[in-house]
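Undergrad: Each chain is listed here by its residues.
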Amino acid sequence: MTPLRDVWRSIVRRDPLSTDKGKSELVFLNLWLHIHPAKVKRENFKLKHTWYLGFITFYLFLILVTTGVALMFYYRPDAPQSYQDMKDLQFVVYLGSFLRNMHRWSAHGMVICVFLHMCRVFYTGSYKAPRQFNWVIGVFLFLLTLGLSFTGYLLPWDQLAFWAITVGSNIGGYAPLVGPRLKELLLGGHAVGESALLRFYVLHVAVLPSTMILLTMVHFWRVRKDGGLSRPVWKLKPAAAGPLVRIGAPAPAEAALVVVPASQDKTYGLMEVVTGKPIFETVTAEEEEDTVFSYPYAFFREAIALMATVTSVMAISLFWQAPLEELANPAKTPNPAKAPWYFLGLQELVSHSALLGGVVVPALAVLGLLAIPYLDTNPSRRPADRKWAIRAFTLFVVVNVVLIIIGTLFRGPGWALVPPWVHVSGAE
Amino acid sequence: MPQFFFALSLIALVLMLGAVWQAAAPSWKKYQQEYHRLESLGEPNAAAKAAVLNTALDIRQELLPGLQRVDRCTTCHLGVEDPTMKNAPQPFTFHPNLAPHVVAKFGCTVCHGGQGLATDKVNAHGKVPFWPEPLLPKEYIRASCGRCHKEGDVPGVPELTEGRRLFEATGCRGCHKLNGVGGSIGKDLTEEGAVRRYPEWLERHFLDPNAVSPNSPMPNFHFTKEQARALTFYMLSLTNEQMGTYYSSVRLIPSAGYGRQLFTEKNCIACHSIGGVGAKAGPDLLGVAKAHSAGWLDEQLVNPQMLYPGSTMPAYDLETNARKALITFMAAATQEDAQTILSGRPKPLTAEEAAIEGGKQSFARFGCVGCHGLNLQGGVPNPNSQGGEVPSLLHASDDYTKDEVIKIIRNGKQPPLQDTSKPAPPLYMPSWKAVLNDEDINRIADYLWSLQSKKSGW
Numbered sequence: 001m002t003p004l005r006d007v008w009r010s011i012v013r014r015d016p017l018s019t020d021k022g023k024s025e026l027v028f029l030n031l032w033l034h035i036h037p038a039k040v041k042r043e044n045f046k047l048k049h050t051w052y053l054g055f056i057t058f059y060l061f062l063i064l065v066t067t068g069v070a071l072m073f074y075y076r077p078d079a080p081q082s083y084q085d086m087k088d089l090q091f092v093v094y095l096g097s098f099l100r101n102m103h104r105w106s107a108h109g110m111v112i113c114v115f116l117h118m119c120r121v122f123y124t125g126s127y128k129a130p131r132q133f134n135w136v137i138g139v140f141l142f143l144l145t146l147g148l149s150f151t152g153y154l155l156p157w158d159q160l161a162f163w164a165i166t167v168g169s170n171i172g173g174y175a176p177l178v179g180p181r182l183k184e185l186l187l188g189g190h191a192v193g194e195s196a197l198l199r200f201y202v203l204h205v206a207v208l209p210s211t212m213i214l215l216t217m218v219h220f221w222r223v224r225k226d227g228g229l230s231r232p233v234w235k236l237k238p239a240a241a242g243p244l245v246r247i248g249a250p251a252p253a254e255a256a257l258v259v260v261p262a263s264q265d266k267t268y269g270l271m272e273v274v275t276g277k278p279i280f281e282t283v284t285a286e287e288e289e290d291t292v293f294s295y296p297y298a299f300f301r302e303a304i305a306l307m308a309t310v311t312s313v314m315a316i317s318l319f320w321q322a323p324l325e326e327l328a329n330p331a332k333t334p335n336p337a338k339a340p341w342y343f344l345g346l347q348e349l350v351s352h353s354a355l356l357g358g359v360v361v362p363a364l365a366v367l368g369l370l371a372i373p374y375l376d377t378n379p380s381r382r383p384a385d386r387k388w389a390i391r392a393f394t395l396f397v398v399v400n401v402v403l404i405i406i407g408t409l410f411r412g413p414g415w416a417l418v419p420p421w422v423h424v425s426g427a428e
Numbered sequence: 001m002p003q004f005f006f007a008l009s010l011i012a013l014v015l016m017l018g019a020v021w022q023a024a025a026p027s028w029k030k031y032q033q034e035y036h037r038l039e040s041l042g043e044p045n046a047a048a049k050a051a052v053l054n055t056a057l058d059i060r061q062e063l064l065p066g067l068q069r070v071d072r073c074t075t076c077h078l079g080v081e082d083p084t085m086k087n088a089p090q091p092f093t094f095h096p097n098l099a100p101h102v103v104a105k106f107g108c109t110v111c112h113g114g115q116g117l118a119t120d121k122v123n124a125h126g127k128v129p130f131w132p133e134p135l136l137p138k139e140y141i142r143a144s145c146g147r148c149h150k151e152g153d154v155p156g157v158p159e160l161t162e163g164r165r166l167f168e169a170t171g172c173r174g175c176h177k178l179n180g181v182g183g184s185i186g187k188d189l190t191e192e193g194a195v196r197r198y199p200e201w202l203e204r205h206f207l208d209p210n211a212v213s214p215n216s217p218m219p220n221f222h223f224t225k226e227q228a229r230a231l232t233f234y235m236l237s238l239t240n241e242q243m244g245t246y247y248s249s250v251r252l253i254p255s256a257g258y259g260r261q262l263f264t265e266k267n268c269i270a271c272h273s274i275g276g277v278g279a280k281a282g283p284d285l286l287g288v289a290k291a292h293s294a295g296w297l298d299e300q301l302v303n304p305q306m307l308y309p310g311s312t313m314p315a316y317d318l319e320t321n322a323r324k325a326l327i328t329f330m331a332a333a334t335q336e337d338a339q340t341i342l343s344g345r346p347k348p349l350t351a352e353e354a355a356i357e358g359g360k361q362s363f364a365r366f367g368c369v370g371c372h373g374l375n376l377q378g379g380v381p382n383p384n385s386q387g388g389e390v391p392s393l394l395h396a397s398d399d400y401t402k403d404e405v406i407k408i409i410r411n412g413k414q415p416p417l418q419d420t421s422k423p424a425p426p427l428y429m430p431s432w433k434a435v436l437n438d439e440d441i442n443r444i445a446d447y448l449w450s451l452q453s454k455k456s457g458w
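If you're matching them up, the sequences are chains A and B in order.
According to this note's numbering, the first sequence is numbered sequentially starting from 1.
According to this note's numbering, the second sequence is numbered sequentially starting from 1.
Derived from the structure by calculation, the hints contain no laboratory data.
Errors might be hidden in some of the hints.
What the hints assert, rightly or not - Below 25 Å or equal to it, Euclidean Cα-Cα: the simulated BS3-like pairs (lysine-lysine) are:
(1) A:Lys225 to A:Lys128
(2) B:Lys49 to B:Lys187
(3) B:Lys290 to B:Lys360
(4) A:Lys183 to A:Lys332
(5) B:Lys187 to B:Lys177
(6) A:Lys338 to A:Lys46
(7) B:Lys187 to A:Lys332
(8) B:Lys127 to A:Lys332
(9) A:Lys332 to B:Lys225
Unchecked claim - Just the calculated beta-carbon pair ranges, DEER-fashion:
(10) B:Lys187 to A:Ala354: 27 to 33 Å
(11) A:Ala354 to B:Asn220: 23 to 29 Å
(12) A:Leu370 to B:Glu200: 54 to 60 Å
(13) B:Pro214 to A:Val418: 27 to 33 Å
Cβ atoms here follow ideal geometry from the backbone N, Cα and C, with glycine treated the same way.
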């Protein structure tokens, strides 16, 4: 057994996990895990603070990459073969429907989770110093997610895809000066056609995912460098109020949220001397005593979030089929023709005013989102101290959601206001 | 924590097994097993039986690039081309009288409808959302012949010819566009057969438009059941699909009837005779198909100078199928045929008669009859117009001068309201100046006046 053991030792070079050294080495000797610190604070993994939305979004992205690569084996970005490939996935490819369902539902899920993650970051004030720029990267990741979802929307080449992209790209075309040029660049023509399909495909499988991966890496790196996962720092009691904890003694139950002062009987060493203040977020000079090893505390929680995400997507995909309508037909416009649901708030605005709703408001919204950490100079993260910021953001979220609900459910033929429970008989 | 993780992993495993189970037992496999069982009954010994029973199960498909389809129907309908399966139950039943429309060349769905790519019954038969061509009910299947055979008679499908005739004669083009020609009051019918979900609806619609489509401006033409069926057939055959040359070359079936029509149109009888009846400038054509091979006759029709340099026969630039049709006709032509063709030649019309006849043709072709009636009696209901009906045109010359009528045809007219508080009547006289040229309009006016003079003569 020695040779086998040697092979194993050559791959896994850490000490056994029963030792503290092994637990640390598991993290920092491993390429995939070393984005984690070897030890984390318990509050970093508080469910009711982050709701694990960042993790869930990332896991959905992993599912999308995996299923997406698998789908690429069966897909030709050429009309009308693309549509036939969808039918083949449904009828002859082993587990083809399941694969496509997982990809479709994960994509919708990711748009929702990215948005919810952004809300969470706002409400917990996690965009404040030193994390301002990471918020900006996050906004770009949100836009990239929308871009990925939008480009993927066209690929099945059915009526739903064709007209959603036609409407969506028309909205983009309303921008003054650059709008029509951008639309033409994106579509490779003046209308959605074969060249648009090819461009969307290349954007969807190469350009946008690689940009997404790069930005995600920066996003994660900065989370780590800025002091780790967000935690409710305003709930942490100042050091003087808490009891001293002795190293080695079992932690009292309430110690989880207690910040302790620097311990007297411990030696500290500086491995390298860096001048200036640390950029990362600290509450007191020393919080070391409240940490636990990442293995298993963080890894199990992350794995549970992963499995919960995967099982949810699988369960949904098993019972709900991804939509597929008739073959795209440029001569047959559905009434109403609707953009993908996440752009229906925009379409609703455009239906009132093309310039104001299609250009000014969304441009201001994106610029406003990007500027939030720089406009909001209030240093406190305590919700009680930032009532107006929270009210303003809540208004933004509610208006968005209401517009999307109106556009999705309450708009019938001719974009007339029709409640979803009223049936409008069609042309047939 | 670990217990949560393992519980969730277990759920994921169960879901994966569920997906595998869903995908593992497609219904077509059961059909193929059953078919192999039926086949094995006829085998003489156990070894042969076992061999048949152990045939690999696989999806079968006909790739039909010329029809832009892939038909997987034969995955379950395995006995379609096996005569021993004549009395087998569906889906294995033999399809009689298939030749020349063999499955390998035509598949199934171009005639029967259905979703060729699907491999389960519900989806394949196509009565599912978002599939425009579900399986056609048995009585309408023959309408599909018109998808390829777009002109002339189709043997066994008189409905198509009749539907086409009715379409032109009843003036449907007045309101409906077909292949770019026609009015724009009604729906463009160029691709009416692309969505074939509701053939029964179409038929009921022809019997009484308002019964199935309330407030339809289409008048009730009081078609008979047979006429409604014929028009439905014609509508179902109207598709604009791209077809390979193999399929589009049969637009016209080279029948003797079509050959006869060509023989008459091209005025062959002006030079040739059949059994001595006709002109003597060219050779007599009785028995010509026996004296020469079909290939020789074909050559002769393509280029008469090639076989007989100095021949006075002109080259007619006929399509392959047209030449075939002529040859088929000549093979069977008799003296009586020549006689009827000779007697049926139109006598020259006077200039005045020609103008009136032209007006009558335009009147029918551009759909005036749709509202004003085949006999110009009017009477199509038009709520809230004076009299509540489209006016009769029999008395046009009593109420208007010819110039006024020409002006109304050119510019159109809104019917005067009976009650100004109610909505405007649904039917109105459209402006025709974009569709008809002045000559046409004058002819139509002449036609209306000719009726008038006939009447006063009584």
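Undergrad: Indicate, hint by hint, whether the structure satisfies it.
TA: Evaluation of the provided hints:
With a C-alpha separation of about 14 Å, the suggested pair A:Lys225 and A:Lys128 falls inside the 25 Å cut-off, and the hint holds. In summary, the hint linking B:Lys49 to B:Lys187 is not supported, as the alpha carbons are separated by about 58 Å, beyond the 25 Å threshold. With a C-alpha separation of about 45 Å, the suggested pair B:Lys290 and B:Lys360 falls outside the 25 Å cut-off, and the hint is violated. Among the hinted pairs, A:Lys183 with A:Lys332 is consistent with the structure: their alpha-carbon atoms are about 22 Å apart, no more than 25 Å.
Under the criterion of a C-alpha separation no larger than 25 Å, the hint pairing B:Lys187 with B:Lys177 is consistent with the structure, at around 7 Å. In summary, the hint linking A:Lys338 to A:Lys46 is not supported, as the alpha carbons are separated by about 40 Å, beyond the 25 Å threshold. Restraint check: the Cα-Cα separation between B:Lys187 and A:Lys332 comes to about 13 Å, which is no more than 25 Å; the hinted pair holds. Proposed proximity of B:Lys127 and A:Lys332 is supported: the alpha carbons are some 21 Å apart, at most 25 Å.
About 31 Å separates the Cα atoms of A:Lys332 and B:Lys225, which puts this hinted pair outside 25 Å; it is violated. Look at B:Lys187 against A:Ala354: about 30 Å separates their beta carbons, and that is inside 27 to 33 Å. The supplied range of 23 to 29 Å is broken by A:Ala354 and B:Asn220, whose beta-carbon atoms lie about 44 Å from each other. A beta carbon spacing of about 59 Å between A:Leu370 and B:Glu200 agrees with the range 54 to 60 Å that was offered as a hint.
A beta carbon spacing of about 20 Å between B:Pro214 and A:Val418 contradicts the range 27 to 33 Å that was offered as a hint.
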